[in-house]
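Novice: One letter stands for each residue in the lines below.
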Amino acid sequence: MMSTVMLASEAVTAHGLAAAGAGLAAIGAGIGIGRIGGSALESIARQPESLNDIRANMILAAALVEGAAFFAMVVALLVVFK
Amino acid sequence: MLRKFSLKTLSILLFSTLFVLSFNTACAYEPNDDKPMKGAKVEEPKGEENKKFDAGKLILEHISDAHDWHLWGDEEHPVSIPLPVILYTEKGLDIFMSSEFNHGHRDVTKNNTYRLEENHIKIVNDAGVIDEEASEKIMDFSITKNVASLLIGSFLLLWIVLTVARSYKNRQGKAPKGLQSFLEPLIIFVRDDVAKASIGPKYEKYMPYLLTVFFFIFINNLMGLIPIFPGGANLTGNIAVTMILAAITLVITMLSGNGHYWRHIFAMPGVPLPILIILTPIEIMGVFLKPFVLMIRLFANMTAGHIIALAFFSLIFIFGEMSPGAGYGVSVVSVAFTVFMGMLELLVCFLQAYVFTLLSAIYFGAAVEEHHHEEHAHEGAH
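Same order as they appear, the protein sequences are chains B and V. Sequential numbering from 0 applies to the first sequence in numbering that gives the first Met the number 0. Sequential numbering from 0 applies to the second sequence in numbering that gives the first Met the number 0.
Chain V extracted, bound-state conformation (with noise of 0.2 Å):
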C-alpha cells in the first residue's frame, strides 16, 4: 500500500516538475537565440566581408569548458563574467581575473606571460610566440566554468539536503512539509527501488552514496538544462566528472567485494582451467570496463542532449545564411522542436540519475552477494 503511494506521489511529482521546469525551458531557451544570431548576422554584413556561420564551433564553443562564463554577445563583443585563473608554473603561482585576457585579445604578464587561445592558457616567450614545452608544464587549478557550476550545484544541494533534513528533527512524527515532501519520494525511490532491490539486506550501508550520487547527478542535469547564468554548464557532460564519480563506483565496489565475487572473477567455480584461462582475463576486464561504461554513458548521454538543443538553433542560422525568409520560416520549427527536446532531455536528466545509481547498485549487489547453493568452502580469497 505505502510502495504503490509512494509511486503515484513521485510519479505525480515528477510530471509536475516536469511541466513546471519545462515551462521554465520553454521560456529560458530564447535567449540562446541571440548568442548564434549575431555572429551569423546575415542581414547586415556591417561593410565587412560576411562571416559563415559554423555550425561545429559553435556546439563545440558551448559544451566544453571555458575560463569565463559567457552570458551574451558575439567574439567581437561578448559579455561574460570573470573566474578566477588560478596557475602554478615553475616561476610560481599566478592568481588573476580571466577578464585581464579580455577574451583572448589581450596577453597577461605575471610570472610569465599568458596568451589565452581557444580557451587554453599557453605561455607566451618574449618573442611574442607561443612556448609550447612550457605551455604543457603549467598546472592549472583554475575556477573554470564546469567547477564554478560545481560549486554553485554542490551548494543548491546542501542547502536543499540540510533544510530536509533539519525540518525532519523538528517535525518529527508529523507530516512532511514544504521541500521534504518534494524529497521523500525521491530518497524512498532511491531505497526501495533502488538499494534494496539491487543489493539486498545490507543496503544501508551504500545507502549514502547512492543518494549523494542520485542527487548530484540529478541537479547538475538539471542546472545543464536552464542556458543562462546559474546553469548552462555542461558539467555531468563533461568526461572527466563522470570519471571521477564511476571511479569512487569502481573503488567502492572492490572494496567491499566479498570472497564469492573475487572467486567469480579469478576462478569461476565449475569452470575447466582451459577455459579459466580465456574467462579469468574478460572477468577482469569487466570489473574495470564497467564503470568506464558508466562513464561514458553519462557523459555521452548529457553532451548529446547539448549538441541537439544547439543544434536545433544552428538550423536557423544556416537556412539564414540562404536567405533571412527561410531562416524566420525555420525558427519556429526549430524552436519547437528544441522545446520538446527540452521537455524529453528533463526525463533524460532523471533517468540517467536513475541509471547510474541503479548500475551503480547493481555492481555493488554483486559485490557483496552471498552464495546460497555452493558448499562454503574456501573463505577469504582476499
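Next comes chain B alone, as it looks inside the complex (with noise of 0.2 Å):
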C-alpha cells in the first residue's frame, strides 16, 4: 500500500513541480505585464498626446516579460510531454 503510494507520488511529483512552476511564471509575468499596464496609464493620463510612442514601448515592454515568462513555459512543457 505504502509502496504504491510513493510510486505514484515519484510519477506525480515531476508533473506537480511542472505545474508549479508554470504557475510562478505566470505569477511573474502578470507583476511584470501589470506594472507596466499601469505606468503606461499612468503616463497617458499625464502626457495623452505621447500616446503612440508609450503605446509602442509598452507593447514591447510586455513582449520582452512575455518572453521570460515563456522560457518557464517551454521548460515546464518539456517535463510535461517530453
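Only true hints are included.
Short derived list, chain B residues pointing at chain V, Cβ under 8 Å: (1) A55; (2) I58; (3) L59; (4) A62; (5) E65; (6) G66; (7) F69; (8) F70; (9) M72; (10) V73; (11) V79.
No wet-lab data here; the hints were simulated from the structure. These numbers come from a predicted model, not from an experiment. Note that the Cβ used here is the ideal one computed from N, Cα and C, for glycine as well.
Mind docking these for me? Both chains are given alone in their own frames, and the hints should help you get the complex.
Specialist: And the structure:
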C-alpha cells in the first residue's frame, strides 16, 4: 500500500513541480505586465499626446516580460510532454 | 495629419478584421468538438472497454507535425488528407503517399519497409521489429502538414501581395481600392512605426525583409487559428520555422553591423580592462541570445494559443467522463471561453507579428547606428 503511494507520488512529482513552475512564471509575468500596463496608463493620463509612443513601448516591454515567462513555460512543457 | 489618419484607419481595420474573423472562428471551432468527442465517448461504450480520455495526448497530437492532414474522426476511423512522403536512405529515394500507411496500421515496403509510429517514420527489419539504428539515418524530406501549410500560406500571401502590387501600377495616383486599402495601412504602419522609428534614416534597405517577415508571420498565425483544412497547422508554433526566421534576423544584423556596433560588443569604449574580460563574453552571448529569444517567444506564444483552445475543449470530455450531464454543462462554458480566447488570439496573432518585426528592426537599428558624441577614431573594426 505504502509503496504504491510512493510510486504514484514519484510519478506525479515531476508533473506537479512543472505545473508549479509554470504557475510561478505566470505570477512573475502577471506582476511585470501589470506594472507595465499601470505605469503606461499613468503616463498616458499625464501626457495624452504621447499616446502612440507609450503604446509602442508598452507592447515592446510586455513582449520582453512575456518572453521570460515563456522560457519557464517551455521548460515546464518539456518536463510534462518530454 | 496623415499619420493620425493612417493609425486611425489601421485601428478600425484591425478591429473590423477581428470581428469578422472572430465570427469565423466561433463558427469554425464547432467542428473541433467532434474530434475528441468520438475518442472519449462515454455514453456509448460500444461493448468495448471504456477508453480513458487523455487530454495531454490529444493536445500534443494537434500541436505537432504530422504526415497527413487530419480532418475528423477518431483513432479507429480517421478521415484525413494524405500528404506525400519523401524519404532518402542509403538504398535510395522513396516517394509515396502517406495514405499507404493507412494511419499507421500498415507497413509500407519500398526500398526499405517503413512503419509510421507516432508520426515518425521508422525502418522495420526482416523480423518485423523497428530498426532504431537505420531509422536514425532516414532523411525525411516529406511534405508534412506544416510544410503543406507553409506552401498554402506562401501562395496565399504571394497572391495577395502581387495583386496589390499590380493594382498600384495600374491605379497610379488614384485612391487605393479593394485589397489595396486593406494592406496599405499595414505597410505604412510597418514603415513608419516600425522601420523608420527604430532603424532611422537607413530604413529603406530593411523594408523588404521587415514587410516579408511581418506578413509571413501574420498570415500563418491567422491560418493556424482556422481549425479546418486550409488552416489548423501549428506552423508559427513550430520551433524549426521560428528558428529559421530568427536566424535570418541574426545574419542580417551581423552583416549590417558597422564598426561602432562591433566595438561596443568586443571592446566597450570607456570600460576598464578587468571589467571588459567579464563584459565582452556577455555581449557576445547577447548577440546570439537576442534572436534566440525571438525564436522562443513566437514559438511559445502560438503553441500556447493552440494549447489553450484545445485545453478548454478537453475540459468537456474530462467532465463528461465523470457524468454526461456535467460534460454538457461544461461544454457551454468551455465553448464560450474558447471563443473569447480565440478573439484574444487574433490580437496575439497581430501582436506577435508586430513584436517580431519591431524587435528585428531594433536589432538592425542598433547595428547601423552611427555614434554622435564620441570622437571619430578607429574605423572599420570588422
